[in-house]
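Could you slot chain P onto chain L? The hints should help.
As you go down the protein sequences, you meet chains L and P in turn.
Numbering that gives the first Met the number 0 applies: residue 0 is where the first sequence begins, and numbers increase by one.
Numbering that gives the first Met the number 0 applies: residue 0 is where the second sequence begins, and numbers increase by one.
Don't take each hint at face value.
What the hints assert, rightly or not - When the alpha-carbon atoms are kept at most 27 Å apart in a straight line, the in silico BS3-like pairs for lysine-lysine are as follows: (1) L:Lys-122 <-> P:Lys-105; (2) L:Lys-122 <-> L:Lys-145; (3) L:Lys-89 <-> P:Lys-105; (4) P:Lys-105 <-> L:Lys-120; (5) P:Lys-105 <-> P:Lys-184.
Stated by the list, open to error - Under 10 Å between C-beta atoms, here's a sample of chain L residues computed to sit facing chain P: (6) Ser-22; (7) Ala-32; (8) Arg-51; (9) Val-81; (10) Asn-85; (11) Lys-89; (12) Phe-94; (13) Val-99; (14) Leu-100; (15) Pro-101; (16) Tyr-105; (17) Glu-113; (18) Leu-167.
No lab work stands behind these hints, which were simulated from the structure alone.
Every residue gets a Cβ at the ideal spot worked out from N, C-alpha and C, and that includes glycine.
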Amino acid sequence: MVNPMEKIRIEHLSIRYSDGTESLRDICLSIPANQITVLFGPAGGGKSTLLRALNRLNDLADVQEVSGQILFNGVNILDPGVNVVNLRRKIGMVFSRPVVLPLSIYQNVSYGLELMGERRKSKLDEAVERALRRAALWDEVYDRLKDPASAISGGQQQRLCLARVLALEPEVILLDEPTSALDPVSTARIEGLMQEIKEQYTIVWVPHNVQQAARMADYAAFFLQGELVEHGPGETLFVKPRDQRTQDYVTGRFG
Amino acid sequence: MENTSQRSEWVINLLIKVSGYSSILFVTLILIFLLREGLPALGVTPLSNLFGDRWYPIESYFGILPLLFGSLVVTLGALLIAIPFGIGTSVFISEIAPPWVNSVVKPLIEILAGLPSVVLGFLGIQVAAPLFREAFNLPTGLSAFTGAVLLALIATPTIVSITEDALNTVPPAYRQAALALGATKWQTIWGVTVPAARSGILTAIMLGIGRSIGETMAVMMVTGNAPVLPHGLNALVMPVRTMTATIASEMGEVANGSPHYQVLFFIGIVLFVISLGINIAASWVSLRSKTRAERVLS
Chain L
0 MVNPMEKIRI
10 EHLSIRYSDG
20 TESLRDICLS
30 IPANQITVLF
40 GPAGGGKSTL
50 LRALNRLNDL
60 ADVQEVSGQI
70 LFNGVNILDP
80 GVNVVNLRRK
90 IGMVFSRPVV
100 LPLSIYQNVS
110 YGLELMGERR
120 KSKLDEAVER
130 ALRRAALWDE
140 VYDRLKDPAS
150 AISGGQQQRL
160 CLARVLALEP
170 EVILLDEPTS
180 ALDPVSTARI
190 EGLMQEIKEQ
200 YTIVWVPHNV
210 QQAARMADYA
220 AFFLQGELVE
230 HGPGETLFVK
240 PRDQRTQDYV
250 TGRFG
Chain P
0 MENTSQRSEW
10 VINLLIKVSG
20 YSSILFVTLI
30 LIFLLREGLP
40 ALGVTPLSNL
50 FGDRWYPIES
60 YFGILPLLFG
70 SLVVTLGALL
80 IAIPFGIGTS
90 VFISEIAPPW
100 VNSVVKPLIE
110 ILAGLPSVVL
120 GFLGIQVAAP
130 LFREAFNLPT
140 GLSAFTGAVL
150 LALIATPTIV
160 SITEDALNTV
170 PPAYRQAALA
180 LGATKWQTIW
190 GVTVPAARSG
200 ILTAIMLGIG
210 RSIGETMAVM
220 MVTGNAPVLP
230 HGLNALVMPV
240 RTMTATIASE
250 MGEVANGSPH
260 YQVLFFIGIV
270 LFVISLGINI
280 AASWVSLRSK
290 TRAERVLS
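Isolated chain L, as found in the complex (with noise of 0.2 Å):
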């Protein structure tokens, strides 16, 4: 059965690091296009390996062992012969901690445009405004785009962050924990931007805690210690688990 909304499907994952922690055990799940999908569970239960494994940035990291298949666009991007840059540009990712290049506020925005070979100022003039427009910062900026990036606030940098990655047009954006160093007030803020923006990309968002996921959640995943216990649409999910750890998880039993 091929869903016409699907983004990505992950088949059979396993991911195994060196020293054995933080592993996936044989996920398979489904992530809609255009919608928000929220990856949630208690801490060490794999949400960031498997962000990290969609745009490949576990690359980096003491993975030991992966297996299954990672289908985006109906490529397997977990071959070995895929070309990582050009897949990081189409799968953009927002931190948790807001992390500024230390550059310009403006060169923090097209430095990705630049890395794939755009030169003209005006063209990097307009994709500059325009992604600093999405994500709401043009307004507190747009006069002092010259200075440098670190200069403004939390909050401020972390929709830099976003800024950046809107800029390189992505189809998918990963969030990893995206407000969990920020203020109420900027989380809101965030949280707000992708509902208005979910209609144009699709967006995997591990939060930071269980009412964000519930909050956020078009479709929802529960992982707990490398297994994916229980997914489906956030509606029922939060409100009508099936599995009895979600249940316990969802409402606060344990985590």
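Only chain P this time, still in chain L's reference frame:
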């Protein structure tokens, strides 16, 4: 009981204070001594002689320009080799090399750092000098170039170890962020990691300069010791003599208090001022980086 512990507390406190303040005292005393012995040179020897282009103390020609030039040309030459080589090595060690290569290369570089410069001088005289003489078809291999190569070997370990520290303190998140944006490994290194470690690398270069300009033994052995102010570019492959080598080789045979003696001390003052300037520049650079780091954290 109470009393003895208070007493020992007081003694330890005092000892620590004394050793702390002693460095200030020593530097001050050295400076006073240098100034007392060296400044009279300005009175005894006319400025036109002191900053002339002839160093021939027996006939009272005390022009320090050839020596200053010798030091500068050898140091600059060394840096032209040591900076790219040192930064390349550190990038290799911290970003590219697999762990086992690391565990071999790093100790080797530390050994190189600890090698007495006189041993390098041997190698310079016996190996490097004949090699360069043959290769460039020169009258002698003992030249500014040979000195620069040896000095580069001496300065490189300093540059490597400090640059590598700086690269290691760049948060891994920067690299991940760049890679996640579709940067290749090289684009990440040159575009993000090295610029992020910029101030540490500048400090490394400053200290490398300091290490080079103060080095005496190796350059004395291989630069040919000819205090002449050269003309033209071929000066690089001609014998020169540095300020440090001049002091080291002539101090032993000079009459105490003579003009020659005072001029040698004056050269010492010049060296002192140069290395002071380098140290100030280095600490200014690292201070600036610290305030930037604090801004990022706040």
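Now for the hints, and whether the structure bears them out:
{"no.": "1", "hint": "L:Lys-122 <-> P:Lys-105", "result": "violated (45 Å)"}
{"no.": "2", "hint": "L:Lys-122 <-> L:Lys-145", "result": "holds (17 Å)"}
{"no.": "3", "hint": "L:Lys-89 <-> P:Lys-105", "result": "violated (39 Å)"}
{"no.": "4", "hint": "P:Lys-105 <-> L:Lys-120", "result": "violated (43 Å)"}
{"no.": "5", "hint": "P:Lys-105 <-> P:Lys-184", "result": "holds (22 Å)"}
{"no.": "6", "hint": "Ser-22", "result": "violated (20 Å)"}
{"no.": "7", "hint": "Ala-32", "result": "violated (21 Å)"}
{"no.": "8", "hint": "Arg-51", "result": "holds (9 Å)"}
{"no.": "9", "hint": "Val-81", "result": "violated (13 Å)"}
{"no.": "10", "hint": "Asn-85", "result": "holds (7 Å)"}
{"no.": "11", "hint": "Lys-89", "result": "holds (9 Å)"}
{"no.": "12", "hint": "Phe-94", "result": "holds (6 Å)"}
{"no.": "13", "hint": "Val-99", "result": "holds (8 Å)"}
{"no.": "14", "hint": "Leu-100", "result": "holds (6 Å)"}
{"no.": "15", "hint": "Pro-101", "result": "holds (5 Å)"}
{"no.": "16", "hint": "Tyr-105", "result": "violated (15 Å)"}
{"no.": "17", "hint": "Glu-113", "result": "holds (9 Å)"}
{"no.": "18", "hint": "Leu-167", "result": "holds (7 Å)"}
Comparing the model with each earlier hint shows violations of hints 1, 3, 4, 6, 7, 9, 16; every other hint is respected.
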